[in-house]
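A.B. asks: Top line first, the protein sequences correspond to chains A and B. Start counting the first sequence at 0; every next residue gets the next number (numbering that gives the first Met the number 0). Start counting the second sequence at 0; every next residue gets the next number (numbering that gives the first Met the number 0).
By construction, these hints were calculated from the structure, which means they are not laboratory data. Just to be clear, a hint being listed does not mean it is correct.
[To be verified] The calculated lysine-lysine pairs, modelled on DSSO-like cross-linking and capped at a C-alpha distance of 30 Å, are:
#, chain 1, residue 1, chain 2, residue 2
1, A, Lys34, A, Lys118
2, A, Lys13, A, Lys34
3, B, Lys12, A, Lys141
4, B, Lys67, A, Lys118
5, B, Lys328, A, Lys2
6, A, Lys141, B, Lys249
7, A, Lys118, B, Lys12
Here are the chains, one letter per residue:
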Amino acid sequence: MDKNLQPIVEKLEKELGATATEYRGDVSLSVPAEKITAACQAVHGLGFELLSAMTAVDYWPQETPRFHVVYEFTSVSMNLRLCLRTPVPGVSPTLPTISGIYRNANWRERELWDMFGIKFAGHPDLRRILMPADWEGHPLRKDYPLGYEEPQFTFNFEEINLRKPYAKE
Amino acid sequence: MTDIQEVTVDDLKHLVSERAIKGETMLLNMGPQHPSTHGVLRLLLELDGEIVINCIPDVGFLHTGVEKNMEAKTYQKAEVMCDRLDYLNTVGNNLAYSLAVEKLIDLDVPVRAQAIRVILTELQRYASHLVWLGTSALDLAAMSMFLYCFREREQILDILELCSGQRMMTTYIRPGGLWRDVPVEFEAAVRAILKTFPRRIDQYEALLTRNPLMLDRTLGIGKLTAEQCLNTGVTGPMLRASGVKWDLRKAQPYSGYEQYDFEIPTRTEGDVYARYLVRLEEMRQALRIVEQALNKLPMGPVRSSNYKFVPPPRSEIGVSMEALIHHFKLWTEGFNAPAGSVYSAVESPRGELGVYLESDGGPKPYRIHWRTPSFDNLQAMPLMTGGVLVADLIAIIGSVDIVLGDVDR
């Protein structure tokens, strides 16, 4: 672990009850869901100005809680990276929003709602972002089939539309 | 046909001002089919006469489910998907993916392969900036720039074709090295570029840098402060034009970038003109890096000899039973990556291009997420467009250098 990162990780571990793991030099802290706002606030305060990435992983069906939400932070001033992970249950998954702390979390949280169906409480604009507004289901969940669409032509448009599960237009 | 559910103003009430609800201001759709949006981007504009009060970007028209598709393919097969993300930076996408896989399975890359990777990604950066320069100048009515830029870009695409057989979707950089070594004509072709291109940049500058029309349209337009940039996740030339010296090639070097001597251009103004100057200087620096890498291009293999993860060369398959078995195993069932997750990022022409890769120990990525720079850069649109004229909005979109394939994935 980087010697500049060490004290930050130790501090967060103590304050948040988090546990740190390291794999190939990437340090990630596992934080309980109820402390994620406090954790992000603390990370922001410690000089991680940039929310590089925010994503989720679906461990259905082998693990509970079902989802992990992953936050990748970058500190431009200290040239460090830090990852936070928080488990989210599969039944009505909800996390508090961090779009008030990092502005770009706004679209990233919309993407997670769209792709995984994870709700973000307090989000100012939680709409679908990549899929059409009337889409059913959340495509990046592991129980969502990787299918393909039958090409619709004028002569068989209605016929295919009747048996098509998603994206009717 | 059933009705298409449209997003109405009612759905977006929370995003527009009170006056729009009362009908005092006009709501106008710009795009998705609009030449100045550089792809299929829809902007919902709230206008008071010519003045933009609100700009609400609507993305997703190019969403192709790349992440879901990659999760269903083995590591080698998934790579072809990543060319299709940012179609102006295909080599850079391959590099980002390969570096992530190499980090995940701890794979070595020969030095020759690393140097060729640098040469090709820098050429690709140059080509990408050429497209940006051509199209954004075209938006400002500098018609001839487009023709000049695309003429030069063709020369770079020819080099990619020389190496990989493809102009754009190359998949030339593979985990563990390259698909194969560069042909003998490669060096002469790159030298020809190094000889002519610096002069060409001077020509672009002569056309634009002190052009009063260009200055009128770009100076002081679309300003972003350094703090706004960082908080919105804006990276790349936009961040550097706002005064933050942050470039992953220098900060967290990969592929041997630490050996090359180059500058990171920065400006402090943070407007459209500053972004123009930063990108132009980056093109010069890209040529500098290519020249250094080409001058000391080491000889040797271009693929790792770890045949558990990297297919052996064709020449070995005929004479070695073991090589044949490796070849067969790798192309039928792939390799098992150790369980774990990594995040690795490179500097694409647009900013930080990151790959979050998680493996469950199987031959397919359990989860792959692309942190694409355009997605975050585009989020800064509302910050830059408050109170500008519609014509300036066009200049601002051009300066963001969005690639919608990169936004929508």
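A.B. asks: Now look at each hint and say whether the structure bears it out.
C.D. replies: Evaluated hints:
1. A:Lys34 - A:Lys118: holds (16 Å)
2. A:Lys13 - A:Lys34: Answer holds: Lys13 (chain A) to Lys34 (chain A) is near 13 Å, not above 30 Å.
3. B:Lys12 - A:Lys141: The given pair, whose Cα atoms are some 34 Å apart, is violated under the 30 Å limit.
4. B:Lys67 - A:Lys118: The given pair, whose Cα atoms are some 20 Å apart, holds under the 30 Å limit.
5. B:Lys328 - A:Lys2: Between Lys328 (chain B) and Lys2 (chain A) the Cα gap is close to 42 Å, so the pair fails against 30 Å, i.e. violated.
6. A:Lys141 - B:Lys249: violated (38 Å)
7. A:Lys118 - B:Lys12: Given that 30 Å is the threshold and the Cα spacing comes to 20 Å, the pair holds.
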